[in-house]
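The listed protein sequences derive, respectively, from chains C and L. Each residue of the first sequence is one higher than the one before, counting from 1 in full-length UniProt numbering. Each residue of the second sequence is one higher than the one before, counting from 1 in full-length UniProt numbering.
Derived from the structure by calculation, the hints contain no laboratory data. Because the structure is a prediction, the values reported are computed rather than measured. The C-beta atom is built at its ideal place from N, Cα and C for all residues, glycine as well. Some clues are possibly wrong.
Said to hold, decoys possible - To give an idea of the interface, some chain C residues facing chain L are shown, with a C-beta separation under 7 Å as derived from the structure: (1) I11; (2) T18; (3) Y22; (4) I26; (5) M28; (6) Y31; (7) G70; (8) G77; (9) L84.
Claimed, not checked - Below 27 Å or equal to it, Euclidean Cα-Cα: the simulated DSSO-like pairs (lysine-lysine) are: (10) K35/C / K491/L; (11) K234/L / K6/C; (12) K7/C / K28/L; (13) K35/C / K270/L; (14) K165/L / K6/C; (15) K6/C / K157/L; (16) K28/L / K162/C; (17) K491/L / K58/L.
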Amino acid sequence: MTGLLKKILIIVVLLFTTLALYLNFILMPEYQGLKTGVSNYIIQSALRDTGSLNLITAVLYDYRAFDSLGESTVIFGAVSGIVLILSRKMLPVSSKGLSFIVKRTLGIITPFIGLFGLYVISHGHLSPGGGFQGGVILAAISIIFSIVYGSAFDYRRYSPQKKTILETGGALTFLTIGLAGLFFEGAFLHNLNFLTAEPGTLLSAGSIPYINIGVGFKVGAGLAIIFYSMIQKTFEEDY
Amino acid sequence: MDIKVLFLILVPLSTAFLIPLIDLINAKLRRFFVLLGILLESYLLVSIIINNFSELKKGDLFLQYHLGGWQPPLGINLVMDSLSLIFVVITALSLLLIVTYSIGYIGHHEGKYYVLYSLIAAASMGAILTADLFNIYVFIEMLTITSGALIGFKRSKEASAAAIKYLVYNILAGLLFFLAVLLIYFNLGTLNMADIALNFTTLSVQIKLFITAILLTSILIKMGIFPFIFWLPKSYDTAPSPVTAVLSGILSKVYLYIFIRIFWTVIGFKTLELLNLNSFLLNLALVSSLLGHIFALQSNNIKRLLAYSSIGHIGMIMAVIMLNSTAGFYGGILHIISHMFMKAGLFVSCGYLLQYTRSHAYRDFRGVGLKNRKVFIAFIILLLSMIGMPPLLGFASKWYVLIAFLEAQNYFGAFIVIFGSLTAVIYYLRYIAKGFEEAKLTDTELNEEIYSRPLLSVLYRGKIVSFISYTYTAIIILGGLSFRFLDLPLKISTLSVMNVEKYIELVLGG
Numbered sequence: 001m002t003g004l005l006k007k008i009l010i011i012v013v014l015l016f017t018t019l020a021l022y023l024n025f026i027l028m029p030e031y032q033g034l035k036t037g038v039s040n041y042i043i044q045s046a047l048r049d050t051g052s053l054n055l056i057t058a059v060l061y062d063y064r065a066f067d068s069l070g071e072s073t074v075i076f077g078a079v080s081g082i083v084l085i086l087s088r089k090m091l092p093v094s095s096k097g098l099s100f101i102v103k104r105t106l107g108i109i110t111p112f113i114g115l116f117g118l119y120v121i122s123h124g125h126l127s128p129g130g131g132f133q134g135g136v137i138l139a140a141i142s143i144i145f146s147i148v149y150g151s152a153f154d155y156r157r158y159s160p161q162k163k164t165i166l167e168t169g170g171a172l173t174f175l176t177i178g179l180a181g182l183f184f185e186g187a188f189l190h191n192l193n194f195l196t197a198e199p200g201t202l203l204s205a206g207s208i209p210y211i212n213i214g215v216g217f218k219v220g221a222g223l224a225i226i227f228y229s230m231i232q233k234t235f236e237e238d239y
Numbered sequence: 001m002d003i004k005v006l007f008l009i010l011v012p013l014s015t016a017f018l019i020p021l022i023d024l025i026n027a028k029l030r031r032f033f034v035l036l037g038i039l040l041e042s043y044l045l046v047s048i049i050i051n052n053f054s055e056l057k058k059g060d061l062f063l064q065y066h067l068g069g070w071q072p073p074l075g076i077n078l079v080m081d082s083l084s085l086i087f088v089v090i091t092a093l094s095l096l097l098i099v100t101y102s103i104g105y106i107g108h109h110e111g112k113y114y115v116l117y118s119l120i121a122a123a124s125m126g127a128i129l130t131a132d133l134f135n136i137y138v139f140i141e142m143l144t145i146t147s148g149a150l151i152g153f154k155r156s157k158e159a160s161a162a163a164i165k166y167l168v169y170n171i172l173a174g175l176l177f178f179l180a181v182l183l184i185y186f187n188l189g190t191l192n193m194a195d196i197a198l199n200f201t202t203l204s205v206q207i208k209l210f211i212t213a214i215l216l217t218s219i220l221i222k223m224g225i226f227p228f229i230f231w232l233p234k235s236y237d238t239a240p241s242p243v244t245a246v247l248s249g250i251l252s253k254v255y256l257y258i259f260i261r262i263f264w265t266v267i268g269f270k271t272l273e274l275l276n277l278n279s280f281l282l283n284l285a286l287v288s289s290l291l292g293h294i295f296a297l298q299s300n301n302i303k304r305l306l307a308y309s310s311i312g313h314i315g316m317i318m319a320v321i322m323l324n325s326t327a328g329f330y331g332g333i334l335h336i337i338s339h340m341f342m343k344a345g346l347f348v349s350c351g352y353l354l355q356y357t358r359s360h361a362y363r364d365f366r367g368v369g370l371k372n373r374k375v376f377i378a379f380i381i382l383l384l385s386m387i388g389m390p391p392l393l394g395f396a397s398k399w400y401v402l403i404a405f406l407e408a409q410n411y412f413g414a415f416i417v418i419f420g421s422l423t424a425v426i427y428y429l430r431y432i433a434k435g436f437e438e439a440k441l442t443d444t445e446l447n448e449e450i451y452s453r454p455l456l457s458v459l460y461r462g463k464i465v466s467f468i469s470y471t472y473t474a475i476i477i478l479g480g481l482s483f484r485f486l487d488l489p490l491k492i493s494t495l496s497v498m499n500v501e502k503y504i505e506l507v508l509g510g
């Protein structure tokens, strides 16, 4: 009875909050255009400042690189949390995988998926994409391995320890490049100007490609770890 | 440009990144590694205080760091003024005490626990030190995700349910905060807090109202003020004791800091007055406080009771801050400090006391005081401080809160302070009496106790755990005897809250 009463109370409170917020929302004036404060400056001089053709990457890994460090740390924390809650000590029960045709086909396709992931990561400062997006593509490889070949195959090829090392290595790469900025240029996460080349080439834009690589491996390994902990079979007596 | 301000965030962050690697080398090292990280942080803090002591005394401490070398409106900057300093100091002290406690308490899955703990340390430092609105959002997300995972640490059904509930409420709050940040950027074209504060008054009233409303909703959910208190007791109850101490001792205080920072520095109290929200918020906080104490009266579970009492105290702190007077801030910040140590100390000693009991329920509390007499006496002293007994720190802070309410002629607030203390006497005395009751186990109860799952898998190193309980008690007693030493930091932090123009000038000009 008290449970029902509490549920009704929660629903009433949430409805009232929604109503109040909606009433505030409809009072808002209509769209009057974007106020161009900082963004105007970035559009005009980001290429000159950072050497990155992709302005979003320039904002993510140069102007506001600390935010990106925080965001990738959020993923790191989420991975640790999911592993903490879902992990079991026993080995997962692996399936035998899908049919022979699927296995052979994906055996041919998988290297290209990896290549595409690496392309998206390494061209983050030149074309749309970057570490976060490319990392997700890399994580798909591990997921394909578990589904098509069975998770035991994935475990033997890329064990969770290896993935953890990759993930931590990616995070430490980001941090190390930040500290390198501190030593060489005088500010944490400052773009490393001595690495800059002509804009548009693959190894240009200072430290941005290297941060992209670090974030890519971190995100890829992190998502693979999340997938791996989720497919593990759980038993009731494990609690 | 003070590099130490940056390293206050980077030290726990790199600790968190390095722990998985250290796990691969030697799993026993990580405890000392985490302790080393937090000790290094304390050292940095002490050196900051010593280096800038003369400025600190005059009340114009101001350190900032531009990340990436970009000047304020463009890049992110970290700012430490007197208000941040006092929050950073108490947070770092709590972190140090709770990590020592965790070494004694946490017996399994240590690796992931310490990763998440270090991330909480980094995120709370970052949320306090940053001067950029989006950066605050990033750190709030980090706090939510990591603490949500730690609430589910026991992996039982209840713990998972509480963690899911916590995450749903808090991610909703985070999204509302994100929406507010987006709207502010959309309308002002900047994310720097000082820059926003300078230009916020130029917006039209409707936009101001909507931004303020969603910011308020999100921060009220995070703090656990009345209409949004439902996630709080469950998650405090099911989380392991050190996590509960972090939740009530650190996270709620960090959110209070963000509340002060946003509604005094960024949006400005004048905007709240213009929108007629100040008296509404004051009364809402007082009602929340009243309800917290009333719910605590009917609670039959010690950890839930402490959670409800937390709601009462945080409501009271928010109300006294909403008075917007010097006395209000003085009392509010003093009560933030004292509540931080009292509540964390209570949860910490609860973790020791409840190790032999079947559940946290009232009937299982019987005989607890007789089994472990010393810790129970520390527990009673902390409870007396919560009630507001004279020589303890709780009395001093409650006294200043009461004076602030009387000065503002807010008699409802003064009534709530007294009412809270009086109800606290009733609901705490019940548990003290039960704790001293002789436990006579019948055969059926004994069987139940043997076959029921123990709440803690192991509590080895009990000495560290009881030592931390005594330390919290000592802090409360010594703080109560010498709370006048807190006079200077409280005064300068109050000054720095009220003097917004100086903050804006220093951030944008320096």
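Evaluation of the provided hints:
no.: 1; hint: I11; in the structure: violated, 11 Å
no.: 2; hint: T18; in the structure: violated, 10 Å
no.: 3; hint: Y22; in the structure: violated, 10 Å
no.: 4; hint: I26; in the structure: violated, 9 Å
no.: 5; hint: M28; in the structure: holds, 5 Å
no.: 6; hint: Y31; in the structure: violated, 9 Å
no.: 7; hint: G70; in the structure: holds, 4 Å
no.: 8; hint: G77; in the structure: holds, 5 Å
no.: 9; hint: L84; in the structure: holds, 4 Å
no.: 10; hint: K35/C / K491/L; in the structure: violated, 39 Å
no.: 11; hint: K234/L / K6/C; in the structure: holds, 13 Å
no.: 12; hint: K7/C / K28/L; in the structure: violated, 46 Å
no.: 13; hint: K35/C / K270/L; in the structure: holds, 24 Å
no.: 14; hint: K165/L / K6/C; in the structure: holds, 14 Å
no.: 15; hint: K6/C / K157/L; in the structure: holds, 20 Å
no.: 16; hint: K28/L / K162/C; in the structure: holds, 20 Å
no.: 17; hint: K491/L / K58/L; in the structure: holds, 11 Å
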